[in-house]
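S.K.: Residue-level listing of the chains:
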Amino acid sequence: MAGLPPMRGPWASAWAVIASPWTTWGLGLWLALGAAMGLWSETGQHPAQGVALQLPAALLVFTLVASHLTASAARLRWAAVYAAGLATALVGGWLAGGEAGVAEVGGARPTESYSRIVAGRKAQAHLGAQLQAQLTEGGVSLTLAMKENHLGDAVLPLDGVAEAQVGRWAMHLADLAEGDEPAYARLKLTPRTGGDPIERAVRTGSATAMDDGTQIMVMRLSPDFGRALGPAAQLQIDYEGGTNTAWHFVDSPDLDARVGISPWIVELTAVASEPRLTVGVRRAGPTGAALAGFGVMLVALLGLMADQLRAERSREGAV
Amino acid sequence: MSAAVWVALVGALLPFVGGLFSSADQARTWRASAGLAAGLIAALVWISTPPVGALGHPITAEATDAAGAPVSSVVVLQRDGGRRQVRRLPLRQPVDGAVFALWAALGLGLLGAGLQLRKADVGPRGFAPALPLLGAGAAAAVFAGASGAASGEAGVRAYLERFEVGAVQSFTVPDLPWSAQPEGTLALVVAAALAGLALLSALIPQALDRRWRILLSPSRGAIVASAAVIWRMIEVGGLPWRGVEGALWAVAALLAIAGFERASALRRSTLVAAAFALAAAALAG
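The listed protein sequences derive, respectively, from chains X and R.
With my numbering, the residue at position 124 of the first sequence is 124, and numbering never jumps.
With my numbering, the residue at position 180 of the second sequence is 180, and numbering never jumps.
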């Protein structure tokens, strides 16, 4: 304990624990265990990052220096620089954002909240606006807006881990999966007077217009009508001369050809679901301090290496 | 998987290379830690495969198509009383004997580590370091052997035959062929490779030049792993506390702590073993 006043009683015992290399070793294993437990977290964030990662790291700042007070001046210097870098990175990590979680966004349906861990439990946190995600050829297009207030938008690539800032949030695509709820009907439309069929995909609540002015609207969808008749769509066909509302079934493709009266023979080929997008969300913040912290840690490690190589060279010279 | 995780894994491997090919006493400690790392990787793979169950609980692998999308089949079942049920069934490949293999890998890894830490040799030379290789190698073989590829109607039929689903009226067939690779296969291959390196160092003991050993020390590994963290930050465009980023960060910190450790080869090598196991587990994360 060079440079420190002598300690007695419980202070000496406490210092012995802090300065023991076994304490630093134990904190390292705590950090490893904590990081391992976070690898497969459901919410896309470490479920206990404070206790599992940040607390042992913060304690390491002190124990690393304390355990090197009796080491050589060079080793103590680089241990102190590394500890300073670690402390800076921890503060930088806090500044760089937090409140991480995941938002489930399904096609046309916007969401206003996302799941995150609060006090060890999964809770819904408000995004402050409606988040809408749309799968496009270029990636996932995100829009955050509340009525006429447009807060931000971004396009996330389908492959990769990159985040994009949307409003005050940093978002990334965490998962893309097939949705559970039926979202649109695939229709094969053939003129009743004869001709080539046309294929259309129409969402629930929207309509498709044909050249002759006929409008076909998808009113409702069912993945298994009455739990007996399979996938079905309730269609409203508006044509010159009348309106026809009826259920169409995937398992009965010739039904409309036999009993329909509209100018178009409608065949329901599939009831499909929208992809379900899981978007990782966290509060965005500046990352400069965190990067600077990691930079200082790198400098400390490089300095340690330079000292070791210098010592090795002088040892060889002496031999 | 991000290339940054591979870089961190290389960072954690460097000190093992330096330690395994050093003086006889130190190499023995490092071989023990290699066995520990192989066992830890098996344990982490077991923890990572939901649901974590009892010994007999099967591990299953999700089937994905060439684009990496999960594959499922919509199955129509005929129930009692003429009732029909329509179910979307994600296609999953059970990995027979996987949990037994992982437990064996964990047990043999720890046993091998324990025997290495004894002063006297048990059995012929290379016996103790061969145990972790046997465990991790067998687990990797079980996982790799389960990666079944299938396609078309026959593939779905073969899958459905595994269950007592009753009368199947009809099912849909995925458009593309699919295959199922259990998560953790790569991590187990990495564990087996490390255990193999440890066995090699026991069979062909070779002390590296001192300068090489300095270049292959834990703090050099920490430099590589810290570079991986910075790379990942730039790749992501920020510093989130997601699982993989947290693991990368912890790997770099563990290697640095090991690098600053002065007195004990055991403390140094166990920290590197934990870092290596964490980096390997991040491959499956």
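For the record, the hints were derived by calculation from the structure and aren't laboratory data.
Quantities reported herein were computed from a predicted structural model and do not represent experimental measurements.
A few of these clues could be false.
[Claimed, not checked] Among chain R residues calculated to face chain X with C-beta under 8 Å, some are:
#	residue
1	Ser2
2	Lys119
3	Arg220
4	Gly243
5	Ala247
6	Ala253
Beta carbons are placed, not taken as given, at the ideal position from N, Cα and C, and that holds for glycine.
S.K.: Is the interface hint satisfied for Ala247/R? The criterion is a beta-carbon contact with chain X at less than 8 Å.
M.R.: Holds - the Cβ of Ala247/R comes within 8 Å of chain X, reaching about 5 Å at its closest.
S.K.: Identify whether the interface hint at Ala253/R stands, where standing means a beta carbon of chain X within less than 8 Å of its own.
M.R.: The hint holds - Ala253/R has a Cβ within 8 Å of chain X, the shortest such distance being about 6 Å.
S.K.: Given Arg220/R was flagged as interface, is its beta-carbon under 8 Å from a beta-carbon of chain X?
M.R.: 6 Å, holds
S.K.: Does Lys119/R pass the interface check with chain X, least Cβ-Cβ distance below 8 Å?
M.R.: 22 Å, violated
S.K.: Quick one, is the Ser2/R hint okay against chain X at 8 Å, beta carbons?
M.R.: Since chain X brings a Cβ to about 6 Å from Ser2/R, closer than 8 Å, the hint holds.
S.K.: Does the CB of Gly243/R sit less than 8 Å away from some CB of chain X?
M.R.: 4 Å, holds
Comparing the model with each numbered hint stated earlier shows that hint 2 is the single one that does not hold.
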